[in-house]
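Participant: Letter by letter, the chains look like this.
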Amino acid sequence: MPSIKRDSIITLIFCLIVGGYVIMACQGFPEAQDSQGFGQGPGFYPQVLGWSLIILGVLTLIYGLKTARELGPYGESIEKEPSDAKGASPRYGLVLAALVLSLADIVIMHYLGFFVAGFVLVLAMVMMIRPPHSLKTVVWDLVFSAGMVAVVYLVFEAFIKIQLPRAALFG
Amino acid sequence: MEAFELLTAGLSNYAQPFTLFLLIAGSVLGIIFGAIPGLTATMGMAIFLPVTFAMSDINGIVFLIGIYVGACYSGSLSAILVNIPGTPSAIATGFDGYTMAKKGEAGAAIGYATISSALGGLLGVVMLMFAAPVLADVALEFSAQEYTGVAFLGISIVSYISFGSTIKGLIGGVVGLLLATIGQDVISAYPRFVFGSKDLQAGLQMIPVMVGFFGVTEIFTKLERETKITVLQGKIKNVLPRFSKLVRLSPMMALSSIIGTFIGAVPAAGGAIASMAAYGIQKRFSKISNKFGTGIPEGVVAAEAANNAAVGGAFVPMLSLGIPGDPQTAILIGALMINGLAPGPMLFATRPDMISTIYLGNVFCVITFAIIGLAGARYFARLMKVPGHYLLPAILIFCIVGSFAIRNTLFDVWVLLACGFLGYLLQKIGIMPAPVILGFVLGPILEDNFRRALIMSGGDWTTFLTRPLSLTLILINIFIILGPMVIRRVRMVFRRG
Chain R
-8 MPSIKRDSII TLIFCLIVGG YVIMACQGFP EAQDSQGFGQ GPGFYPQVLG WSLIILGVLT
52 LIYGLKTARE LGPYGESIEK EPSDAKGASP RYGLVLAALV LSLADIVIMH YLGFFVAGFV
112 LVLAMVMMIR PPHSLKTVVW DLVFSAGMVA VVYLVFEAFI KIQLPRAALF G
Chain V
6 MEAFELLTAG LSNYAQPFTL FLLIAGSVLG IIFGAIPGLT ATMGMAIFLP VTFAMSDING
66 IVFLIGIYVG ACYSGSLSAI LVNIPGTPSA IATGFDGYTM AKKGEAGAAI GYATISSALG
126 GLLGVVMLMF AAPVLADVAL EFSAQEYTGV AFLGISIVSY ISFGSTIKGL IGGVVGLLLA
186 TIGQDVISAY PRFVFGSKDL QAGLQMIPVM VGFFGVTEIF TKLERETKIT VLQGKIKNVL
246 PRFSKLVRLS PMMALSSIIG TFIGAVPAAG GAIASMAAYG IQKRFSKISN KFGTGIPEGV
306 VAAEAANNAA VGGAFVPMLS LGIPGDPQTA ILIGALMING LAPGPMLFAT RPDMISTIYL
366 GNVFCVITFA IIGLAGARYF ARLMKVPGHY LLPAILIFCI VGSFAIRNTL FDVWVLLACG
426 FLGYLLQKIG IMPAPVILGF VLGPILEDNF RRALIMSGGD WTTFLTRPLS LTLILINIFI
486 ILGPMVIRRV RMVFRRG
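So the sequences go chain by chain: R and V.
Going left to right, the first sequence walks through residues -8 to 162 as the working numbering numbers them.
Going left to right, the second sequence walks through residues 6 to 502 as the working numbering numbers them.
The shape of chain V in the complex, shown without the other chains (with noise of 0.2 Å):
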């Protein structure tokens, strides 16, 4: 089918009215899901794919990407609002967007966010339609050797971008891979430090660890250091960037939109790395580089274009080969495979209506946000002038039942509060929580692919050697980690010479 025929198909699902409806909906639910700490995209598609059962196959999946793209995109309003991630995408979002909100500048970072946003999830699609076959066979190359690097990828990455030194945040990243391997063990399936629950051997789940990590810590810390809660005073102003600065931050939300894709590419990478990948590149070559943390536009650009481009990326393995690059897209696949659609090479040809319809709902589903977003932007900022002894226990609340509701179970509460007591003396001693959080979602990957390469290579470490993607990674990876000290120590013995 040419190409002209099989946008002319998706389109003319889209003058359905009820399918144009289901587009908005679902991605209000996501933007609600997003922006509701304790709330996630995995879970508003988790819930909401019942749902789709008494939909027809176009129809359920139009509605599941409006709560992806509307997610992902809105995780963003709680990290700049209330300094917590409303999905780990949004980590790195937090670093400048809520010290923004904190000087006053709540709506330009939510202006900036939405903008952001749109522009790297429109890069995202286009790159997915025109580059697909590339970053796809690109991603085919990686074996266990090459997910190892890109699992430590992420943990260098966030030890480089946290706050302080970059050995504690190393020690954060791996206090997060040791949470990972709470639980039974994925190769021998020996129970490892369960300490007799039964509850401990299915692990920990993500969502009470990363509220507890992110939102209850950072309840404490208001209570702990605030005698009065920040709250911002007048109105908020300039939610829409200037033209000018806006062209003038292209070309990195150009770069930010060609990592997101690209990492959201590789299956289980996700846009929590994709974003910590490209703020810590863009903070990295930036000629304000120290300025990065310190509520800056750059940084919340750098995040939020990598982040949404992201989702396109991920949908590049599983329409190509039928492989999730996310927890999200496995639900897509899920959601295909009960209407018995068989996603991968074989989905182009068999529906390339569906496969334009996906296109062009990520499209439909970035210019709704985008709307939304920046005609909302007032009123997402209101939350900020709810008075502290108000919005502290209203969002403790949110947490618990959050955390309860992903099994509904009250121990991934105890989960919950531990994580968050935890969390906050691990602040206390320097080391943040983001570290942490990276380290537990990137902990099963890294430690599945390093051991099924040391038993595929009978032991041999050099494997991660003999390979040239896996040697490529490893030399960023020791790039990152050491770089800075090198060109430190270089620039000292100019100095002195």
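Next up, chain R with everything else stripped away, as it sits in the complex (with noise of 0.2 Å):
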């Protein structure tokens, strides 16, 4: 049997999952009243989109089995993913952490406001991208770090008048 991709897989399960999801919860909206016209309710266009977005999916993998049909056995070694083909290994734990930091300093943000939590941030990311190796690199980071939530505040503050966010813990 011939190989498919990974990914044409995974793009049809993705297509089912959301596909499949938006056409249940379609079913428990309002029916279009006449004035509304037609039968075409809140649910009617969602609904199209989610039925086109499984049909995609399974257009996809037939398309997947075609193209490993036509490459033979040797296809997958022929057509390699992108990321394996560099040979570097793929850094998923920082892609991660960033997120994971990004997503703490909206927390940070809310109750410490903009000018702890955007420090923190930019700090943090510097350092975990590029570990320091010595004290002048950390003083640079920290200088960095400052010197950019400066600018942040002149530009979106001080020059467009955006009120950045407040520290709600200090009221």
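Since the hints were made in silico from the structure, they are not lab data.
If a hint is listed, it holds; no wrong ones were tucked in.
Simulated restraints, written as ranges between beta carbons of each label pair:
#1 V/Ile343 - R/Val107: 38 to 46 Å
#2 R/Val49 - V/Asn413: 42 to 50 Å
#3 R/Leu145 - V/Phe248: 35 to 43 Å
#4 V/Gln189 - R/Ile46: 24 to 32 Å
A few chain V positions that, by computed beta-carbon distances, are all more than 12 Å from chain R:
#5 Ser249
#6 Pro357
#7 Gly381
#8 Phe484
#9 Arg501
Glycine is no exception: its CB is placed at the ideal position from the N, C-alpha and C atoms.
Join the two chains, each given in its own frame, into one complex according to the hints.
Facilitator: And the structure:
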């Protein structure tokens, strides 16, 4: 049996889950009133999109199967995933850490305001991407983080008068 | 009023040093707003709209036009330098512009973007002045059926031009369309997919979604894949394109400008669709079609000439019909109304000086950004030299604050991160962010007109086929989606034969 690329299967699963959820959720939407026109209630258009997504997901699998057949048994080795082809191992940990850091930043921003949260986010990310190897780099990172917060303050608050989040903790 | 008198009336306004200063200040502000990811022309114009209350109507409009035109150009700068389009209309510019920058040709990419933007902008204004009535007449003929076709055209074009599979491009488009359905239904006001959240009832805001899919996704991708962020080495060279090359590219610029002006003149279509359509069409018919996306000046020129020409086009329905061509012209209409002026046909009769000031304002803004763009190219490109461990956190903090600034709510920052992570995951399975964003932008236009067309026709689906303009658009859509497949089949049959 010819091997299908992994992402075709994941795409199908994604389309089935999202499309299926949309169609199911739309079942609970109210029917259109006559004045709103001929059965096109609030769920009509999302349902069309949900079905489109499922059909496109199935088409992806069919296309993937066809491509795998054309490439033959060596297809998998010919058509490598881009990340595999590069040789360097993907740094998923760094991505996850950045995501968690950003989410934590929103919470910190709510309680301690932009100045603290912004400084912590920039400093933590800089140190995470390139861990400091000397006191000099630590000082540079601190200066850069403070500088970035100052630039953002000048652009948004001083220049275009948008009030940045203040600390809820201190009223 | 004769054309010469009209021109003189407009020119006399620019003889005032303060008006000229506001035009340049607006252009510079526009360049800043367009270039910084998370800030947009719409945001800049909206923020500075109250400032214009203290100015005369002419000065206020000139200042806002400066921001609009400057931002439309500079969206390309961040698209080229960090692959984050500053404005939606610069999405297509990044396809080749960013690849050029990665190859060490950031200066050349900015040069081509600046020249083609300037020429596109000028051609757009010229066409606005001479062909406005014709273009307005065509756009006036559009009904819900045609708007449905135009919106779908945007989706089908983006699926074709997005790299990799066309099907995955379409999946991205549908995901974007689904994201646009979140919130209250426009017709029945029924809340859809809001999960009990009051914030979601208003729907997802454009800026957090766009910055999330482009900015945050790019940050995650860079963090995952690159141990060392690409930084330009050596001096930025060849900012000014060779004259012979420009002459060779001039038919392409002219065609993109015509496409851009026409699409820009269609209300709600805007520069994003214009640049995508021009890029797609140029790619489709170019002799070097397979090289598009690999970092060639043709790709930058095709997109930039169109999106800047679309600015001229967007003024057509605004001035002649009082209908906004895009969100920026909607703000300009608001500014005119604040000053007691009614945009539309009457403006030509009552304030011809305002009409010519707007025409000339566009021309002078184009000249201003061309000078700043070419003179400052090597400084813009230095952004790339900022080490990645400093650049990525800097972009992230601007993305976060930019998203917050739209409505002063942290909810939009959650949306930003959610979209960024979703974009990253989708990219892992070959679904790129551009079709998702185009789907999201076009979603409300498509749904509103699609449902309105069915309501108007009493539920008759053939309504899309019985109107000549709508039928033409449907045929173009079918050709774009199925054309390459059919051509491939025909070629195979011929080869076998």
